[in-house]
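Engineer: Residue strings, one per chain:
There are 2 protein chains.
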Amino acid sequence: MKLSLDIRPEGEILKIPSVHALHSIFNPRAFAVIGASDTPGKWGHRMIDRPLKTGFQGAIYPINPAKKEILGLTAYPTISAVPAEIDMAVLTTPAASVPALLQECIHKGVKGAVVISAGFAETGEAGRKLEQEIVAVARAGGIRLVGPNCMGIFSASAHLSLCFPIAPKAGSIAFVSQSGTFGVSIAQVAAAQGYGLSKFVSIGNQADLGVADYLEYLAEDAQTNVIALYVEGFKDGERFFDVARRVIKKKPIIVYKAGRSEAAERAALSHTASVAGSAVVFDNICKQIGVLQVHESFHLFEMAQALAGLPVPQGNRVAILGSGGQGVVGTDACVALGIDLPQLDAGTAAAITALLPPHAPKPRNPVDFAGATRTAMQEAEIIEQFLKLDYIDGVISNVPVSPQLWDHHLVIDRQAKTHAPHVQVAIQGGERYAALPRKYGKPIICLRFANLEHDTMEEILGEGGIPIYSSPEQCARAMHALVHYGRVRRRN
Amino acid sequence: MKLSLDIRPEGEILKIPSVHALHSIFNPRAFAVIGASDTPGKWGHRMIDRPLKTGFQGAIYPINPAKKEILGLTAYPTISAVPAEIDMAVLTTPAASVPALLQECIHKGVKGAVVISAGFAETGEAGRKLEQEIVAVARAGGIRLVGPNCMGIFSASAHLSLCFPIAPKAGSIAFVSQSGTFGVSIAQVAAAQGYGLSKFVSIGNQADLGVADYLEYLAEDAQTNVIALYVEGFKDGERFFDVARRVIKKKPIIVYKAGRSEAAERAALSHTASVAGSAVVFDNICKQIGVLQVHESFHLFEMAQALAGLPVPQGNRVAILGSGGQGVVGTDACVALGIDLPQLDAGTAAAITALLPPHAPKPRNPVDFAGATRTAMQEAEIIEQFLKLDYIDGVISNVPVSPQLWDHHLVIDRQAKTHAPHVQVAIQGGERYAALPRKYGKPIICLRFANLEHDTMEEILGEGGIPIYSSPEQCARAMHALVHYGRVRRRN
Numbered sequence: 001m002k003l004s005l006d007i008r009p010e011g012e013i014l015k016i017p018s019v020h021a022l023h024s025i026f027n028p029r030a031f032a033v034i035g036a037s038d039t040p041g042k043w044g045h046r047m048i049d050r051p052l053k054t055g056f057q058g059a060i061y062p063i064n065p066a067k068k069e070i071l072g073l074t075a076y077p078t079i080s081a082v083p084a085e086i087d088m089a090v091l092t093t094p095a096a097s098v099p100a101l102l103q104e105c106i107h108k109g110v111k112g113a114v115v116i117s118a119g120f121a122e123t124g125e126a127g128r129k130l131e132q133e134i135v136a137v138a139r140a141g142g143i144r145l146v147g148p149n150c151m152g153i154f155s156a157s158a159h160l161s162l163c164f165p166i167a168p169k170a171g172s173i174a175f176v177s178q179s180g181t182f183g184v185s186i187a188q189v190a191a192a193q194g195y196g197l198s199k200f201v202s203i204g205n206q207a208d209l210g211v212a213d214y215l216e217y218l219a220e221d222a223q224t225n226v227i228a229l230y231v232e233g234f235k236d237g238e239r240f241f242d243v244a245r246r247v248i249k250k251k252p253i254i255v256y257k258a259g260r261s262e263a264a265e266r267a268a269l270s271h272t273a274s275v276a277g278s279a280v281v282f283d284n285i286c287k288q289i290g291v292l293q294v295h296e297s298f299h300l301f302e303m304a305q306a307l308a309g310l311p312v313p314q315g316n317r318v319a320i321l322g323s324g325g326q327g328v329v330g331t332d333a334c335v336a337l338g339i340d341l342p343q344l345d346a347g348t349a350a351a352i353t354a355l356l357p358p359h360a361p362k363p364r365n366p367v368d369f370a371g372a373t374r375t376a377m378q379e380a381e382i383i384e385q386f387l388k389l390d391y392i393d394g395v396i397s398n399v400p401v402s403p404q405l406w407d408h409h410l411v412i413d414r415q416a417k418t419h420a421p422h423v424q425v426a427i428q429g430g431e432r433y434a435a436l437p438r439k440y441g442k443p444i445i446c447l448r449f450a451n452l453e454h455d456t457m458e459e460i461l462g463e464g465g466i467p468i469y470s471s472p473e474q475c476a477r478a479m480h481a482l483v484h485y486g487r488v489r490r491r492n
Numbered sequence: 001m002k003l004s005l006d007i008r009p010e011g012e013i014l015k016i017p018s019v020h021a022l023h024s025i026f027n028p029r030a031f032a033v034i035g036a037s038d039t040p041g042k043w044g045h046r047m048i049d050r051p052l053k054t055g056f057q058g059a060i061y062p063i064n065p066a067k068k069e070i071l072g073l074t075a076y077p078t079i080s081a082v083p084a085e086i087d088m089a090v091l092t093t094p095a096a097s098v099p100a101l102l103q104e105c106i107h108k109g110v111k112g113a114v115v116i117s118a119g120f121a122e123t124g125e126a127g128r129k130l131e132q133e134i135v136a137v138a139r140a141g142g143i144r145l146v147g148p149n150c151m152g153i154f155s156a157s158a159h160l161s162l163c164f165p166i167a168p169k170a171g172s173i174a175f176v177s178q179s180g181t182f183g184v185s186i187a188q189v190a191a192a193q194g195y196g197l198s199k200f201v202s203i204g205n206q207a208d209l210g211v212a213d214y215l216e217y218l219a220e221d222a223q224t225n226v227i228a229l230y231v232e233g234f235k236d237g238e239r240f241f242d243v244a245r246r247v248i249k250k251k252p253i254i255v256y257k258a259g260r261s262e263a264a265e266r267a268a269l270s271h272t273a274s275v276a277g278s279a280v281v282f283d284n285i286c287k288q289i290g291v292l293q294v295h296e297s298f299h300l301f302e303m304a305q306a307l308a309g310l311p312v313p314q315g316n317r318v319a320i321l322g323s324g325g326q327g328v329v330g331t332d333a334c335v336a337l338g339i340d341l342p343q344l345d346a347g348t349a350a351a352i353t354a355l356l357p358p359h360a361p362k363p364r365n366p367v368d369f370a371g372a373t374r375t376a377m378q379e380a381e382i383i384e385q386f387l388k389l390d391y392i393d394g395v396i397s398n399v400p401v402s403p404q405l406w407d408h409h410l411v412i413d414r415q416a417k418t419h420a421p422h423v424q425v426a427i428q429g430g431e432r433y434a435a436l437p438r439k440y441g442k443p444i445i446c447l448r449f450a451n452l453e454h455d456t457m458e459e460i461l462g463e464g465g466i467p468i469y470s471s472p473e474q475c476a477r478a479m480h481a482l483v484h485y486g487r488v489r490r491r492n
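Those sequence lines, one after another, are chains B and Z. The numbering of the first sequence is this note's numbering, which starts it at 1 and goes up by one. The numbering of the second sequence is this note's numbering, which starts it at 1 and goes up by one.
The hints are simulated quantities; they were obtained by calculation from the structure and are not laboratory data. Any given hint could turn out to be false.
Each pair may be met inside one copy or between any two copies, as identical chains are not told apart.
In silico DMTMM-like cross-links for lysine to aspartate or glutamate, where the CA-CA straight-line distance does not exceed 25 Å [said to hold, decoys possible]:
| id | residue 1 | residue 2 |
| --- | --- | --- |
| 1 | K169 | E381 |
| 2 | K169 | E453 |
| 3 | K362 | E125 |
No experiment lies behind these values; they were computed from the predicted model shown.
Generate coordinates for the entire structure from the input sequences, incorporating the hints supplied.
Structural biologist: Given below as structure tokens:
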């Protein structure tokens, strides 16, 4: 099945495999910015200013024939004039200049280029020809290209951000986006919500490197645990699915496929020159392979976060601990996603009753704390009762009660042993709680309504890989992602 | 159709109609707290501490036979001993004491009581009898009851919060929740996200006043434009739908109905003694009447916010202005919800082309700014082109470009005429933008990815009733709510 035209000649052997080229692009020892500028707001300025601000440790070479220095760095008239080896080049010059400049990059021994420049296939026939030309140049010279018409990359391990003005928190979610502005925007919102990224790439027109290449690279990337994709269309759908079939055995893949409606496909076409292809065909193949599709863009990160740090469950049987309506809504949301909530056996119910306040209803599943005050240790004990059961594969609960919930000004140094006893016990309870996923090989997902600026519990849960969400439905979706991937893993 | 047992005798004429009683409860000149306490954390403490902190201007009378003073207020041994008129009483004492205390309230001439106390029908047969007893007492004495087993109320107009430690922003969304903890939690998260509330009530077991009564009251409430409900079950489903059928002609009603799955129904039963009833029957009646159902709890506020301040559209034909993937995703989300995106006629396309950067694709719908820098005035001009069209009923766009996006430290005093010209023009552009919904009687929904701490544009849009969301899908849902209610209004 072809979703779209394959522009790579059959059986062609590329001089630099995509995985190697992408290693040079995401972890360059040195890179050049062709079209470097000292005018703020220009792409040639941002591509230097941002990596300097995000702490890139390698060398940056501004290329501009009219300047001696840009942003405190020595500028060179051409890339050939740089007296050092260069792994990667970023091009920000007008489209027509790109073929000749790429030629120079090849001559210099650059392995990969990020082509920010727009004005290629997305603009019509002339642009399409120019795009074919840069691909021909790259193929002949053995260089590999990100873009064109893209917004660059982010690499947490290299402290290298071309796309974000402020580097997001480092984490193990890789995000590949076909839309620059939108991808950068949702990645920024995600970062502000605390989702940590390992890599980000705005893939633009995919003239050379395409979604499948990024997948192949990220499958090998030690910093990446889960791969999230925003895709409008494919250059080579068949190859994407071939690669995805292999990669998914190692790492989960979550995709938001845009351009499902006719009106949206029209927009995608003028945006990144992509033919969206049939949504039904795409859905079916994803299902076969085990690629998890989301139908709301932010769900990418919600679900990825759970997959980034938690053990994958053996089945779909979950227990919920929560108060009142939260348990009811959480249960509805789980059931709607095919998650089972087995009723507790009499022995477990009795053991949990002993840990609940007297006015709480008889523990079934969900288990209701009935709004009562409890301690982190009590919560950890109840959850441990759940996790011991062979008919429970995972738990959805709350962020354990934090001493900072009652005293916002409390500064907690976890190494200090001088805390008030209730604070000490809360920390111990939290630590016991956070250790449970690894101890039992089963996931715990947490809900938090209250937003605390500083919260030790959040930090403690993070160490256990436990994600925190602000609604029962988000928790259910996160658990669904884990259950889904557990199924994929058992099948492969 | 009966969703559940109707405990109100047929044809009974209540001495105090629910609307009058609820007026006394939401806007009391004076109220008593029976079971008042000076121990922080106790309900009898919170019920005094919170309204004092939220600026309640009326009188509060703590009732406690063992105290002379609580939180700086004179305490009285009984409500009868208070030497002043009292509109409302809050009861926090053990369940068994409630019937006699209600009797005293009746004797004192109190019109409504909020019964926080738990231990009624939600606990089993004995509790059910006790609940029947308090209803009998209330009926005989003509007092009306919120609860029991509830977390109280919030009234923005009275600066009265029994349920929130910090009063949420005043606004025109009323929220009625059958779950206390969950309702309070999601209302708090909503408030933190900037959704303004007019009233909130945790309805508990609905022994006397039920969802239908709150609807009737809120339909008359001048501060409320839209009514959001979290419901697990009904005491009298038939009456709810009768009332909803009338109320919806005046104000939109949005409902999240919990307990749809068997497991969740089990949880709801032990939680607020509610029989959930058939989800299918409920769904069908909502559809007939025009009550908008959501299947994710937070969608209540997203959708309510649009309905709170915008004109209702005449049809479902929408234009989108946005960059790249945002337009693609927004289009997909709209189409999935039954919203049409008509292609633009040649004349309009030409007029808009003149307002776009030269590299932008030909404007169809969605219209793509192609990531270009633009001004608030340009955005307002394009949106005005849309709104003039007889085949466009509403617009989804961005928060217009704000000067504070480029300079976070900029403090903008809109009355001052001393701003730099580009700041002045941005403010004028924003004001023109914000005036468009009223000028054309058509809604505008805004997307904002960047989170700014201080943003004049946000304030300006708020004056025009324009809501701001952080994803294209949220914008689409908000527009869907408006389109839906437009249809309901034309039908009625």
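Engineer: Evaluate each hint against the coordinates.
Structural biologist: To see whether the hints hold, each was checked on the structure:
Within a single copy, K169 and E381 get their C-alpha atoms no closer than 32 Å, and across copies no closer than 38 Å, so neither meets the 25 Å cut-off. Taking the shortest Cα distances, K169 and E453 sit within 25 Å of each other both inside one copy (16 Å) and across copies (20 Å). Only between protomers do K362 and E125 lie at most 25 Å apart by alpha-carbon distance; the minimum there is 15 Å, versus 70 Å within a single protomer.
Checked against the numbered hints given earlier, this structure breaks only hint 1.
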